[in-house]
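Hey, can you work out the whole structure from these sequences and the hints?
Single-letter residue listing:
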Amino acid sequence: MAKVIGIDLGTSNSAAAVMEGGRPVIIPSAEGAGVASGKAFPSYVAFTKDGQKLVGEPARRQAAINAEGTIQAAKRKMGSDYKFKVYGKEYTPQQISAFILQKIKQDAENYLGDKVEEVVITCPAYFDDNQRQATKDAGEIAGLKVLRIINEPTAACLAYGLEKSQKEQKIMVFDLGGGTLDVTIMEMAQGVFEVKSTSGDTQLGGTDMDNVLIEYIANQFKRDTGIDLKNDKMAVQRLREAAEKAKVELSSTLSTDINLPFITADATGPKHLTMPINRAKLEELVGPIVNKCRHPMEQAINDAKLTAKEIDRVIMVGGPTRMPVIQQFVEDFVGKKIERGVDPMECVALGAAVQAAIIKGDVKDVLLLDVTPLSLGIETLGGVNTRLIERNTTIPTRKAQVFSTAADNQTAVTIRVLQGERQMANDNVALGSFDLVGIPAAPRGVPQIEVAFDIDANGIVHVAAKDLGTGKEQSIRISAPKKLSKEEIEKMVKDAEKFAAEDTKKKEEVETINQADNLAYATEKSLKDYGDKVSQTERADIEAKLNDLKTAIKDKNVDRIKKGMEDLTKASHKLAEEIYKNAAAKQKEQQGQAGGQSQQANEAPKEDAPKGDKEDIIDAEFKEEDDNGKK
Amino acid sequence: MEENKKNNHKAEEARKEAKTVTVLEADFNKIKEQALKADEYWDKLLRLQADYDNLRKRVEKEKADFVKFANEEIIAELLNVLDDLERAVDLAETKHQDLPAFLKGVEMILAHLYELLKENGIKPIEALGKTFDPNFHEALMQVEDKDMPDHTVMEELQKGYLLNDRVIRTSKVKVSKKIN
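In order, the protein sequences belong to chains A and B.
First residue of the first sequence: 1, per the working numbering; consecutive thereafter.
First residue of the second sequence: 1, per the working numbering; consecutive thereafter.
Note that these hints are calculated values from the structure, not bench results.
Mixed in with the good hints there might be a few duds.
[Stated by the list, open to error] When the alpha-carbon atoms are kept at most 30 Å apart in a straight line, the in silico BS3-like pairs for lysine-lysine are as follows: (1) A:292 - A:271; (2) B:19 - A:494; (3) B:130 - A:230; (4) B:19 - B:37; (5) A:245 - B:19; (6) A:77 - A:136; (7) B:178 - A:89.
[Stated by the list, open to error] From chain B, some residues computed to sit far from chain A (all C-beta separations above 12 Å): (8) 48; (9) 55; (10) 136.
[As the list claims (entries may be wrong)] Computed footprint of chain B on chain A, listed as stretches where at least three residues anywhere in the stretch have a Cβ under 8 Å from a Cβ of chain B: (11) 16–26; (12) 385–395.
All residues carry an ideal CB built from backbone N, CA and C; glycine is no exception.
Next comes the structure, spelled out in structure tokens:
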């Protein structure tokens with residue numbers, strides 16, 4: 001079946017996306033990623049003197065030597081009577097846009113290996129009927145059936161899945177591109193978006209920010225060396241690249257260095273440009289530009305007859321909105337956190353693809369697939385949170401794992417269901433708990449208890465524990481896993497990062513204790529079975545070391561436990577030898593031939609304790625029933 | 001979920017308004033069975049879709065991990081270049097007088113680096129003296145010239161490169177403009 005694609009036909013860059021397996025993905029332009037603006041391509045069309053037509057990157061690359069044959073920002077003329085005159089020929093803005101759409105069609109067909117005939121195209125919310133019709137015409141000229149023209153801010157909201165919300169929402173879309181700012185206030189009810197107001201600034205964008213940064217660096221260099229780099233085209237080009245790189249880096253780090261060796265030379269020799277720049281400096285430089293964003297936001301909110309407080313969601317569109325200073329500015333102005341998780345450069349095209357799929361009805365329901373915002377797990381021995389379903393897993397989903405008991409003759413286990421990212425159980429949210437009783441008495445580590453998590457499409461969590469030996473089963477249904485607000489979820493994820501080192505240390509302590517406990521248990525068992533095979537003094541030594549370890553475990557002194565384990569292991573070497581000898585002898589007996597080389601006989605407990613080395617049993621065990629009392 | 005509630009509500013309304021239809025018990029059972037099947041398939045479809053999505057996430061993660069170490073070999077080789085450059089800088093700091101030997105050393109490092117890149121699929125884009133081609137070249141400036149044919153690359157301001165025949169950086173060039 002032919003795919004329907006969504007197209008972001010932008011003033012400076014264009015991109016397309018398609019639904020793949022129920023989620024939108026960007027279609028890479030044929031020039032490949034890594035060139036200029038990633039997967040999008042510049043909205044340039046050019047005609048060379050010899051009558052060749054160029055679209056996208058190649059058109060931009062020759063713009064400097066073919067100004068009269070190169071057309072950019074045709075979108076600004078859409079819906080007007082303007083004609084582009086190139087080498088004696090005339091083109092309407094629709095025709096120019098059609099060339100861009102044709103390239104998209106071709107790239108998409110190459111990528112998908114299938115015909116592309118139907119599309120959804122986006123346009124600014126302020127486009128009038130004429131401009132919308134012109135956009136549609138452009139599609140028809142390109143040989144495409146335009147299923148719908150949708151507003152860019154609506155597409156951005158769709159990319160974030162806002163249409164799925166049952167609640168009425170007031171949304172601000174802040175779209176800061178290379179050269180324009182568009183602010184749109186929308187109201188969403190029952191999946192339908194209505195534009196309340198639009199405002200913006202057609203002369204404000206990321207390019208201005210690059211320019212002030214370049215200006216600053218060039219001025220500093222001039223002050224230091226007396227050389228004006230702005231007269232040297234190649235130097236400016238390198239400077240521009242370095243400035244853009246610095247700008248991107250300063251979005252995630254606090255300082256960076258601009259290093260341009262051999263940027264120029266004068267009579268005294270080569271000159272290098274090295275300059276540290278920090279985020280504070282960049283923010284100071286772009287401050288006046290950032291401040292210009294205030295008025296359009298005020299105006300849009302006023303025109304919608306709202307106050308900033310009434311805005312429920314803030315969506316950011318466009319590359320420059322990746323800058324923390326912009327995000328902070330908008331967040332401070334509205335008093336709300338911005339939505340995150342979708343690339344602001346891609347979200348309009350992605351949303352258009354979502355709209356295309358909704359119109360075709362092929363993915364309408366599947367689109368409702370949600371993800372678990374936080375991990376789900378159970379508490380295991382020593383208060384550790386063992387995660388079964390990781391955060392961001394798409395639901396419905398099921399995951400099962402086999403656990404065992406922590407003590408001999410333990411006949412019941414408590415399953416405590418946890419939600420959260422922290423490594424220790426008590427730092428997470430407890431969703432509920434239940435007991436599985438009636439487990440036949442057996443040495444610890446032997447019973448196999450399968451714990452299965454199942455989250456259905458409605459987000460309802462079913463947790464079942466089943467004793468694989470007896471088939472006994474017990475389960476719990478958690479209908480509303482604590483509805484946490486976005487802020488709470490964010491805080492939990494952040495906390496997990498913040499306390500990662502601390503938590504890991506705690507968990508390691510618990511693991512050491514568990515390991516020591518296993519060793520003590522195994523040694524005790526070996527002593528009981530084979531104690532008579534070693535000398536009295538050896539036996540006394542092992543028992544003394546064993547007692548030391550047990551007290552260390554009781555005191556929860558990790559250093560002493562580690563030392564105790566080492567000592568005990570050393571002391572029990574003789575015992576282990578006897579066990580192996582015994583096992584080998586047994587084997588020989590059984591096989592009736594000289595085959596003693598198989599030392600690791602099955603029935604010989606290994607020195608390093610039964611580490612749950614049975615298939616499917618992981619090294620995590622439930623707390624003993626009794627332990628639960630203190631929670 | 002809300003949607004389900006809505007659906008239930010709708011179903012109830014419909015029940016109130018609908019006419020009663022008589023069907024044979026066998027048919028009714030068949031319909032019921034089919035409805036159950038439909039539910040089962042629907043659930044399976046959703047789970048399959050979610051599985052696909054989770055698989056995609058896993059593949060993405062694996063790809064990211066792979067990329068992290070895929071460059072290991074070339075980076076190990078680059079460390080040698082780094083060593084050589086460090087040696088060169090150390091030597092230059094001692095302010096020795098044998099500049100030609102020093103230059104020769106730097107040239108050797110360059111040749112090594114170039115060889116290394118070549119082995120990894122990097123090829124320089126030819127530009128100088130060629131006709132300007134926007135598929136490989138980017139024009140930064142144009143200079144009028146009487147003798148050169150129009151649109152000839154007169155100067156290569158920054159070299160361009162291909163990685164396995166794909167442009168990873170265009171040549172930044174100065175192009176001629178024929179004047180008569």
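So, going through the hints one by one against the coordinates:
no.	hint	in the structure
1	A:292 - A:271	violated, 37 Å
2	B:19 - A:494	violated, 58 Å
3	B:130 - A:230	holds, 28 Å
4	B:19 - B:37	holds, 25 Å
5	A:245 - B:19	violated, 70 Å
6	A:77 - A:136	holds, 14 Å
7	B:178 - A:89	holds, 23 Å
8	48	violated, 10 Å
9	55	violated, 9 Å
10	136	violated, 9 Å
11	16–26	holds (count 3)
12	385–395	holds (count 4)
In summary, the numbered hints that this structure violates are 1, 2, 5, 8, 9, 10.
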